[in-house]
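Residue-level listing of the chains:
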Amino acid sequence: MSASLDSNLDPMEEIRFRKKHGAMWMEIQKDTHFSFDELEQIMVIFFKIQKRDEKPAASDLISRAHFRDVLHTGLGMTDSYMMERVMVALDRGTSPFVTMATFAKAMSLYLRGSLEERISYAFTVKNQKLCKLTWSCWFFQSRQRQANDWIEVGTILYAHCPRLTPLWPPCKLNQCYDLLGEGYLRRETMYQCMKKSIAKASRDDDVEEAVKEFVDIMLKRMDVDVDGVINFDDFHTSVTKTPSLLESLGYCLPERPAVYAFLGTWCPNWGKM
Amino acid sequence: MADGDNVSTFSADGGQDTVGLPRIVMVTEGDDNSASSPSSTSSSEDNWADLIKSTEIPPEYWHIQKLVKYMKAGNQTATMVALSCLKDHDLTVEVNQRAIQEIGGLELLVNLLETRDLCCIVGGLAVLRDITPNMEIRKKVTDLGAIPLLVGLLSDPARDVQILAAETIANLGKIRKSRKFCRKFGGLPKLIDLLDIKDKYLVTPREELNQDELQFLDIARAGAKALWSMSSSQRNREAMRKYGMIPLIARMLKTIHLDVAVPAVGLLQMCANETSFQLAIQTEKMVKDLIKHLANDDKDLKTYCSLAIFKCANDPITRDMIREAGALEYLVEAAQDSTNRANKPLLAAVTGALWKCANSDASVRKLDNLGAVPILVRLLDDENDGVLTNVAGALAECAKYPPNRDKIRSSGGIPMLIHHLNNTYKPLLENVPLVLMECAKEQNCMSEIDELDGVRLVWSLLKNDSKKVQTNAALALSPCVQNAADSGEMVRSFVGALELTVDLLDSDDHNVLSAVCAAIATIAKDNENLAVISDHGVVGKLSKLVSTTDDHLRANLGVAIAYCCDWAQNRQEFGKRGAITPLVNYMTSRDPNVHRSTALALYHLSFYSVNCVTMHAAGVVQFLLETIGSKDPILQEASAGCLCNIRKLALATEKVKLKQ
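Residue numbers (the working numbering), protein chains in the order written: chain A, 1 to 273; chain B, 1 to 660.
It should be emphasised that the hints constitute simulated quantities derived from the structure, not laboratory data. Just so you know, even glycine gets a beta-carbon here, dropped at the ideal spot from N, CA and C. Possibly wrong hints are sitting among the right ones.
Some chain B residues well away from chain A (every beta-carbon gap over 12 Å; in silico) [said to hold, decoys possible]:
| # | residue |
| --- | --- |
| 1 | Ile57 |
| 2 | Leu83 |
| 3 | Glu114 |
| 4 | Glu136 |
| 5 | Asp156 |
| 6 | Val161 |
| 7 | Arg241 |
| 8 | Ile256 |
| 9 | Asp382 |
With beta-carbon atoms standing in for the labels, derived distance ranges [said to hold, decoys possible]:
| # | chain 1 | residue 1 | chain 2 | residue 2 | range |
| --- | --- | --- | --- | --- | --- |
| 10 | B | Gly371 | A | Leu115 | 53 to 63 Å |
| 11 | B | Lys200 | A | Asn269 | 13 to 23 Å |
| 12 | B | Glu207 | A | Val224 | 39 to 49 Å |
| 13 | B | Phe185 | A | Pro96 | 45 to 55 Å |
| 14 | A | Lys241 | B | Ala362 | 53 to 63 Å |
| 15 | B | Lys200 | A | Asp31 | 32 to 42 Å |
| 16 | B | Val93 | A | Val224 | 18 to 28 Å |
| 17 | B | Val93 | A | Thr237 | 22 to 32 Å |
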């Protein structure tokens with residue numbers, strides 16, 4: 001085990017932490033773009049966040065609010081509206097805590113994510129139906145942290161929202177953040193996302209009309225199979241051809257300068273921007 | 001068909017008179033107020049105002065304008081999407097560029113450069129880079145203050161921003177104002193920094209480089225393009241040199257990648273207008289790399305290499321380096337290649353390089369081995385004046401070597417050269433007489449020139465207002481008059497020629513004067529012509545010139561005076577006009593040519609006794625006693641002859657005194 005990684009921490013405490021969770025990290029590392037040393041650094045950051053939590057629930061959890069704060073100040077993700085959906089997309093779950101695995105996967109995606117990973121992530125961020133019913137179900141679920149309850153919850157949801165695809169089994173609720181299982185982006189979804197993006201430029205401007213037209217343009221641009229909605233394949237094809245469309249419904253990834261600034265604080269090789 | 005109409009209607013009432021015959025259809029131009037079509041490149045404001053009223057505007061125009069409106073009213077996300085959609089259109093087409101301009105898109109794009117959002121900056125720059133090749137947009141964007149922003153972005157850590165900013169600056173740099181701003185806002189050192197790239201990346205093929213390293217190449221290429229654009233201003237070139245660009249270019253020339261080499265050599269040849277760069281090409285050993293690129297098949301690269309050679313071959317050491325690197329082979333090959341005939345810039349550059357390189361004996365011999373002379377003569381039928389000038393210059397250098405003169409004649413060069421004497425392009429008129437001057441020294445060529453009335457055409461060039469043309473024409477006259485058959489008659493047959501020649505003695509340019517004096521010296525050898533020019537007052541004009549201190553003029557003046565003496569009262573007149581004493585003063589010069597011609601003049605003048613007295617009083621004897629021992633036979637003879645005449649006079653005086 002290498003020497004103390006962080007000069008702010010008490011070395012004994014730090015080493016104890018690393019030893020305790022070392023095995024789990026070996027597992028986690030396989031899913032990330034980091035080497036083991038880099039992952040250790042990330043986990044030390046996790047540890048420091050945990051230490052500042054007021055009521056730490058367990059030694060491998062940090063509070064969700066705190067995590068959001070870190071994303072806000074450290075990676076410059078400041079859009080609160082989008083952050084709700086980001087949290088859901090990240091750990092698919094509803095618990096008020098963020099695990100180490102989630103943290104590592106999130107960092108891997110943000111700092112070194114490949115285009116494919118980002119496409120999947122962005123699509124799921126966008127593809128969240130903002131139906132009141134589903135939000136209420138989401139809150140309900142967030143209080144039930146045990147897996148058994150998922151099935152019950154799923155059945156209730158299924159009953160309320162008939163548009164759920166039959167292929168989607170309720171027991172897999174916690175794997176899919178596509179809450180209504182639609183698997184595609186409809187006009188309404190996009191309208192909701194873009195509503196805030198266009199301001200009233202002059203007195204006789206009709207913002208609603210403008211946004212509707214804009215959504216039409218986007219749909220035309222990205223709907224490859226011309227079926228009126230953007231499903232995952234459409235999104236995937238469009239973004240692979242034009243990477244700048246990745247965050248077209250809202251900034252859900254950190255900006256490049258922020259990423260490199262963050263990387264530069266702990267990683268010895270961060271390449272050229 | 002009314003003027004200014006361009007909407008055509010189709011009317012079929014031309015007549016279907018008889019069944020079975022072909023139907024006659026009249027197509028007339030209907031009336032409509034719209035002016036030029038959307039794809040015209042000469043876009044003035046009225047054209048566009050009219051066009052907007054008509055329905056000929058394609059739908060992309062309105063679509064683009066809508067996208068720009070969204071950008072104005074939207075946040076970063078909306079802007080990003082709108083920019084992506086904008087890039088889908090072909091922004092190099094004028095309609096689309098205009099669409100962006102007219103809705104206020106340029107202000108918006110320039111504003112985007114000031115934001116902190118990286119994606120928007122990259123998107124905005126990409127659009128700007130595509131629309132700035134348009135002249136008007138370039139001006140507008142510069143006026144909006146884009147240059148300081150772009151220069152700031154050159155320091156951005158994101159490398160794709162650097163590349164796009166440099167490429168946009170390259171487009172904007174076609175305007176003088178942009179170049180000035182770039183310099184004032186400190187853009188040049190930043191651009192030069194972009195050229196700093198490891199040798200390794202320059203020489204490794206693209207397949208073996210990883211993504212990062214390829215990007216380094218792109219950065220260097222963008223920097224070179226921008227600097228090339230900037231180098232059109234003389235002050236920028238000076239500044240670039242001061243900021244240490246020379247070693248970096250020298251390194252870049254070693255590249256094997258074509259897309260990096262072209263802007264690098266383009267930049268180098270532009271800077272080679274400055275003598276400091278010409279010297280640098282020599283000292284930084286750039287010649288070998290230049291010639292390596294010259295061998296490349298790419299036509300643009302060849303053109304720029306040839307231009308660089310043309311500009312730096314003035315210096316003899318560089319010239320030798322160029323020859324040793326084997327440039328002449330490639331240049332002759334390019335000149336010979338018939339597919340290059342259509343590519344005038346290439347041909348002009350190649351022939352120009354040949355001209356400047358031929359200015360040495362070794363080069364001329366090498367060119368002979370390569371059979372360059374017939375190739376060059378074949379190019380004499382080209383339409384482009386630049387090409388012709390360079391070809392004539394090259395032939396003039398080659399013709400200094402006697403066997404080439406006949407080669408020119410046998411390839412049929414003389415008629416074409418004489419034909420070009422009718423051209424009005426001054427640089428061409430400077431070079432053609434030089435070729436004829438050398439060729440006239442050879443008998444066969446001279447007779448051909450004579451047959452084709454070449455001498456008269458050369459003589460008429462003396463009327464041209466360019467001093468250089470006058471000089472070179474006069475220089476060509478001497479061998480022509482000397483070697484022509486029955487030259488006295490020939491000269492007299494040119495109406496007004498002699499008067500013209502004598503009148504040129506009033507010129508204030510020393511080169512013109514020297515050349516004219518040399519011509520007069522040759523003309524005066526024929527007695528009748530001497531009579532004519534004496535009538536025109538040549539003695540007075542020559543005497544006015546004696547006070548000159550220019551050695552080159554002195555040398556020719558002396559010979560002219562010498563041969564002008566042998567007619568009527570000319571000798572006495574020279575004496576009366578006080579030409580003698582200054583002539584004696586010429587002997588103090590160090591130039592042996594001056595000594596020779598002065599001695600000749602004094603010899604011919606000394607046949608008149610009063611002149612001898614003047615000479616003697618001026619103290620000529622001491623000089624002559626020295627020059628008598630010289631190795632130059634003409635000088636020796638003339639000095640001896642002069643002293644002889646003085647002595648004879650002295651003896652005769654003695655005798656008279658004794659008799660009394």
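Each hint, compared with the structure:
no.	hint	result
1	Ile57	19 Å, holds
2	Leu83	7 Å, violated
3	Glu114	15 Å, holds
4	Glu136	26 Å, holds
5	Asp156	8 Å, violated
6	Val161	9 Å, violated
7	Arg241	29 Å, holds
8	Ile256	23 Å, holds
9	Asp382	49 Å, holds
10	B:Gly371 <-> A:Leu115: 53 to 63 Å	59 Å, holds
11	B:Lys200 <-> A:Asn269: 13 to 23 Å	19 Å, holds
12	B:Glu207 <-> A:Val224: 39 to 49 Å	32 Å, violated
13	B:Phe185 <-> A:Pro96: 45 to 55 Å	53 Å, holds
14	A:Lys241 <-> B:Ala362: 53 to 63 Å	60 Å, holds
15	B:Lys200 <-> A:Asp31: 32 to 42 Å	36 Å, holds
16	B:Val93 <-> A:Val224: 18 to 28 Å	25 Å, holds
17	B:Val93 <-> A:Thr237: 22 to 32 Å	26 Å, holds
In summary, the structure is inconsistent with hints 2, 5, 6, 12 from the numbered list given earlier, while agreeing with the others.
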